[in-house]
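Engineer: The two chains are supplied separately, each in an independent frame; assemble them into the complex guided by the hints.
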Amino acid sequence: MASPPSGPAARLPGVTPGARPVVAFGLARGLAGGAALGVALACSLVSGCFYLEPVNQRPGIEIIRLAPEALSRGGTVSLQARVLDPEGGAVSLLWRAHACAQTVAECDADSFDTRAQAVFEVAIPTVTLASAPVQHLKITLEATDERGASARPSQELYLDIGNEAPVLTSPRATGALVVGQPVEVLVVRSDADDAASNVALTWTLFPPIGGKASLGPLSYPGDSDREQRRQFTPDVEGPWSIEVVARDPLAREARVVWLFAVEVDRPPCLRALAPQPPAAPATLLLDSLRRFSVLTVQDTLDPFPGGARPPFGVAQFTWSLKAPSRGGARQVLPGAAGNFVELDPAGFELGELVELRVEIADRVARSLPCADGAATCSIEGTGCLQRQTWLLEAR
Amino acid sequence: MRQRWLPARALTVCLCAAALVGCAGDVDNPDDSPCKVALVFTPDPAEASPTAPVRAMAQVTGYAGGTTFQWKVTHEGGDVPITRSADGSAIDFPVLSAGVYQVALESPGSGCPGASANFNVAAPGTITQAYRLRITPPPGAAAVGQIVPYVDRSNADTSQQALVLSPGIDASGQVRVNGAATAASLRFCAPGSVEPLAEVAASSTGRFTLRLEAVSYDVLVVPAGGAAPMRFANWPAQGGQVFDVGAGVPVGGTVRDPAGAPLSGARVALQVDGVPSTVATSAADGSFTLQARSGAVVQLAVTPPAGRGLPQLLGTSTALDLGLPLQIQYAAGLMTRDLSGLLVTQGGSAAPQVGVVVVGAIGAAASAVAGGTLELQGHLRVAAQTGADGRLGAALVPRAALSAVLQASTGELAVHPLDTRVAPPAALDLGAPPQISGVVMLSQGPADGAQIRLEPQGALAQAGIPTTVSTTGASGAFSLPAAHGGAYQVVLTDPRWRGLPVRVAVTAPAALGPRTLAPRFVLASKIVISNVSSPVVGAVVELLCHACTGVERQRPISGAVSDASGEFLLAVPRRGQ
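As given, the protein sequences belong to chains A and B, one line each in that order. With my numbering, you'll find the first sequence wraps up at 395, consecutive numbering, no jumps. With my numbering, you'll find the second sequence wraps up at 972, consecutive numbering, no jumps.
What the hints contain is simulated information worked out from the structure, not anything from laboratory work. Treat each hint with caution, since some may be false.
Coverage of chain B stretches by chain A, computed from C-beta distances (three or more under 8 Å per stretch; other residues unrestricted) [to be verified]:
1) 663-673
2) 697-711
3) 947-959
Heads up, incomplete: computed chain B residues facing chain A, CB under 10 Å, no partners named [claimed, not checked]:
4) ALA597
5) GLN802
6) PRO861
7) GLU937
Some residues of chain B that are not near chain A, with every Cβ distance over 10 Å (derived) [said to hold, decoys possible]:
8) THR437
9) THR478
10) PRO489
11) VAL546
12) ALA551
13) ALA557
14) ASP613
15) PHE627
16) PHE638
17) GLY641
18) PRO653
19) THR911
C-beta: ideal position from N, C-alpha, C; glycine also.
Isolated chain B, as found in the complex (with noise of 0.2 Å):
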């Protein structure tokens, strides 16, 4: 065997450059050929600089004959200059800029197979930046979705080596409570995690089948009927498991309104380190019983019974002792106020079929004894409808500063203080719908095809209000109808990801003038499964925050789909500009 070249260092360096950020591989070389050629590069990528080219070297073996090299470097589609060793079986390249240099080359004759590599360069000064992955095969294939870390060490156009995933095993089992099988819902979690990585139903027999790593997982068993859901950590991937569940322990308490009556028709439920209990309705005695698992933390939500103008309630607290009974009792000075009359008008006239909910967040609404004391707060939400001649019937709310959003069946939508400490207006219009204006604009000019969401806050957001979307033209102009007075936070994004989505937070009316997307890089890498190698035709790959919570961590920053080859480029956010 001849060895053409090849220093021990330079070996290190690629190896560590491909582990970081995927510098090498890409190597195409036919199994079959008793001549393999590799590339290997130094200085490490992070390190290449103009003032330092780069030195890319042939390393060939199982081929003893001589070789001529023909090599090829290109860079944003363009030729770069190299200069060839005496040999021929190493080159330097400048890197002028940041971004992939694809090395190719062929050595004509040996019979020996080209190879070509990716070699990646960092942007001056590039901090890292963590990200998270989440891939989701398409439906059918034969591999497991999973959510993978992905570090951007580059900040420029980077190739990265392929995502490999898992083909997974088939987990199989049942669930039963107290040794008989039930209906249930089961939602798998990376260990400490609750974000769900995967679902599955269990029918009436109990016995569900789904595709997941062979991993552990933390799963959360929900199970129809009255027992308790419940969590088992670090279960491994497997056939044949039961969850077997029990009913959980019964929590006990009663729930009285303001002035101390028995609260009848109330919904209570908690959640005991995160387990959610069974949900319970308070009987005519304001008495309820509910299944629950045991723990530290305990966060406990009340629905009041619809019509009695309560707000529902929310605390969580580490000092409630689940094994005496739970007292929960509205505030007593929490008063309410008839609605009944209210007159909602558009354009001067009265405007019938409107709905109207009432919103608001009042502090220390209620209180919770169970050993300690938890204060609730209360969220309320209120929803009313006006008649035909444009005027609520009854309608009973709190006492307190609250909002009204108004909405039209056509769609028209408003937002109004409404303090009910004081006797509420005679009357709340619709009014024109404003409107939130603005242009969307990439570097190189307006974006067509933008997408523009309005995703409406505060009292829009919890009157459940959706999202609203539209989409640009040509001239990347937009100009949405929204709620007067409704703070929305603005998202502009592009579908087609030539730029990254901005976020404008605004209260309708608002005109946002021109707004540039927020630049990007490309992420090329591709989808393959690992027992096969084959690509992943149609997988969505999606780029998510590293560090966010709640809802945020389930939002894509950008998202690809993978090609026929299993290939996919997905933009990043640039950062520092």
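The shape of chain A in the complex, shown without the other chains (with noise of 0.2 Å):
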């Protein structure tokens, strides 16, 4: 295979490149009437007449690549032809770009673009005629002068195009990342010289040691072409991890990996409650109209306040009460479903005793561990606590 032109100082046949920043890639200059010396002379020695024609000369052709230096499908290059006509007459140009293939042998016999103009600016297609992607242009310049001399050689310059790498964000999980609640990724893929559908993908899923998860095809309406989902609901707790290699026509590639972990959930925990419970036997006063709240909860998936939007819900409130004025067995307060209570102590008696008690759950239906007497519960037996307990005197 034959290796293509090196640029920027591109092979130019017959002549040495010039020097940088303004590059000649050559100057053609050539007896362009030759033959017509040749006819004067003749007719001198034939006739004897002494009269002879001026002679014109080939104009000078010379490529000069302007700028940029790094080419890339779907930018631009600009060219300058540089010419010389002996006579100083006017010289007309007649510019062609070919785009061509994986080697400079592959170009389209059609050219894309023709100017006539002394500056070329060239478009650079990303794919040839034959849609293959284009990794080198060949660029033509003919001259020719008033006189319909054109330079010898006409010049022949060949740039390489090179390829910009895909380029890929960092995946984007909605959901919980929780055992048994399904996962949806996003990567946005984008390459700046291929349409991003021409970029393809592959995902891979790494599950820990038992996982076996696999992942699902996904996609909303209004997805761009950038845009690529996918969905999987991870089956054990432990690292999992996500690779996604993004490839382009030409073989360049990017590559993310995304590593996280995945939990089973967890029972849901009190975190604020006000005003804040003291440890039993301590008791606080009901002496007015008084609210009792938990403020937040904390949970991976029903956390209070509530998530906004599935699959994330709310915490669910169990508020009891015992009193001895109203039986002094502890009696659910029906309907109590939100985050507070009321109470007024004119429901009691004073002096009354009075157990508050609140008790939380998540989706997962668990039973709580401890007796009823106890004035706080965790199921796991940590600082998670799943119930609290105000101890009141009504006043």
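Structural biologist: Structural data, given as structure tokens:
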């Protein structure tokens, strides 16, 4: 396989590239009127006349590459013709640009751009006429003077066209990273010189030991060519990862790896309460209508305040009361499903000790392992509490 | 040092604006750069209007080179057109609507940091509205909660400077009664206020510790045992404080029933100048002795023994002399009636295990005499339950215009007037539960996920029926069972604060139809701790009314939780719409 000319000082047959930054690719000069000189000489020898026609010399041309140094598909390159006509006459120029595929031998026969100006501004196409990615350009320049003499040889310039690598954003997940909960992952691909749809993505999910989940296709109406989604439902806790490889038509790659931890759904935890219950047997005074609130609940899926949209929900509250004046047994307050209750001391006897209890739950049904007499309770035996009790003294 | 542009008036305006509404600030300026960039605005945000564009000016110090300025102004997510001054160091931009205008400035090539500031523009004709912000840091945070004033001057989206929480100090101490350590509960309030800011329990050693702001508090100490609670005014939070409360002043007296006979088993308590006494229980001869603090305003409360059909008593006076025996006498005309045999039915059948709570208010139910005379109001709450035959056993109640609240074990409720001055009805029926229905709307359509609270009023509230809570689906519609004849405040709220609560007073059954949540604007701010300026994550911020009393003072209008940057968005009522 022939190696393409290397730019920016691209190879020009028969000439030596000039110095940068203005790169001269050659100046072709010749006795454009050599045949006429012969005729005139023969005429003088045969007829004895001494009139000598002026000799029209061929113009000389040179291609100067202006900018930029690195070329890419979809970009532009500027070239300038430097012309020397020995007679000082006008010279007509003809530029042609041909797109080439993998080698300079695979150039389109037809040019994709033709101009006659001194400066040739070429918009580099992304594909050849045969839809192959453009990897080289062939530029030809012809010059003809007023008397029809053409520069010899015409100039040819081969330019290397680079290939930009695709770009991937880091994967962005929606959903909770909890066993059994579907996770949606989005990456956005782009490529400076390829259409996003021509950049192939390869997704690979790496579950931890024991994991069997796989990635499934997912798309939403309105997704652009740049966006690609996958979904999966992790089935075990532990470290997971997803690798996404983007490959453009010329096999340039970009790779992102997203490492993440999946956990099992843990019980919710009471966080801020108002007022904060003192440790039993300490009491709070219920001497006026008071509000008892759970301000925040920590939970992966069902916190409080709740999540804005699925799969996130909101913690569930159960309030109960135990007071001698109400039979002495604990009574769940029916309908009190909010994060607060308000108690009026007028509803109790003076000096009566009242237990107000709140218990929280998430979407997973779990029973609390504690006796009714326990003021607090934690399913996992940690500081993560699902029960709290205010001991109140009505005054 | 080169100072690019700094008219004194403009700086004054900016500082005023910052102080009033936090217009400036958020200047992104690393400490290690000698170059400082600040933004100043004119006119005052409250004076900005479509006819008077705002001028923002760059103030660059600590940089001597030439600078180019790149400005960007955004409002409600869109770019605002700007007009640059000749040297680019100032811009004019129009303020066509109220809200937050975010102004960002970059000076590339100078090495100077960028700067940004929010310019709050008030809605035309805005009258200020005072609120309070209650900030509760998460458990374990090195900060103490606060209630701070917040004055809305814009009635439009606004950005406020960070709310700074104090790390507080470890306040500790011990509670003693006549020198002996005792368990107690302590309530810390702002001076002159009875609203608790913090509460803590002292152990049996009398010792307590908690984090408080390094300011003064009124501290109510409620010792366990027989000593009277005591308030310590203007206590400066510190360590090592001893609260020795003493036993208090003994207050004695007697309680007598309507017939003038001693009433045993009655519980008697006082609040003197808002400080509760101990609770005494009357002996067989009706006598009692409690411990109280001296003071001017005396509130007396009496709970009669169960089963006597007597109401609780409550009254307040400045005429009582607690140095004299307190003679409490139920009104002689307060006759009782026995409701035994009263049948409760549901769907025509006897309803067993139905709770019946008879409630009502009885004027002049008793009097208290100690030097002066105090007329006491009666508040009745007698609870009973039907037996297997659906009938009540013995249940004495006063003869008065009362109400009966029926509650089945399955939750159905009913409210019936019950006039016991005449013969009571033979039966009360639970009936089919009526519905309170409606549709919660936002300005843009149905409010999915809205919350509906049925707050019992009147007899239901007196009977201790709790608030019922439900959530709407996508249609915003709701239909909740209620008590037939029961009065409610229906409170429509949105946990996501897309609109603010709407309250409607109804008597069940009721069809509210579509109800649109109240409009709001958004207050953006953040919470930091003063000594380290680090953001407070997971703090709860609640908007409270300024002038409310009672429990309304505790009920939040809206709330938010600070995010990982300590920032929060709080909904505030938009007025005049």
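Engineer: Hint by hint, say whether it matches the structure.
Structural biologist: Okay, the hints, checked on the actual structure:
no.: 1; hint: 663-673; in the structure: holds (count 4)
no.: 2; hint: 697-711; in the structure: holds (count 5)
no.: 3; hint: 947-959; in the structure: holds (count 4)
no.: 4; hint: ALA597; in the structure: holds (8 Å)
no.: 5; hint: GLN802; in the structure: holds (8 Å)
no.: 6; hint: PRO861; in the structure: holds (4 Å)
no.: 7; hint: GLU937; in the structure: holds (8 Å)
no.: 8; hint: THR437; in the structure: holds (39 Å)
no.: 9; hint: THR478; in the structure: holds (35 Å)
no.: 10; hint: PRO489; in the structure: holds (34 Å)
no.: 11; hint: VAL546; in the structure: holds (24 Å)
no.: 12; hint: ALA551; in the structure: holds (24 Å)
no.: 13; hint: ALA557; in the structure: holds (20 Å)
no.: 14; hint: ASP613; in the structure: holds (14 Å)
no.: 15; hint: PHE627; in the structure: holds (15 Å)
no.: 16; hint: PHE638; in the structure: holds (15 Å)
no.: 17; hint: GLY641; in the structure: holds (19 Å)
no.: 18; hint: PRO653; in the structure: holds (20 Å)
no.: 19; hint: THR911; in the structure: holds (21 Å)
No hint from the list above goes unmet by this structure.
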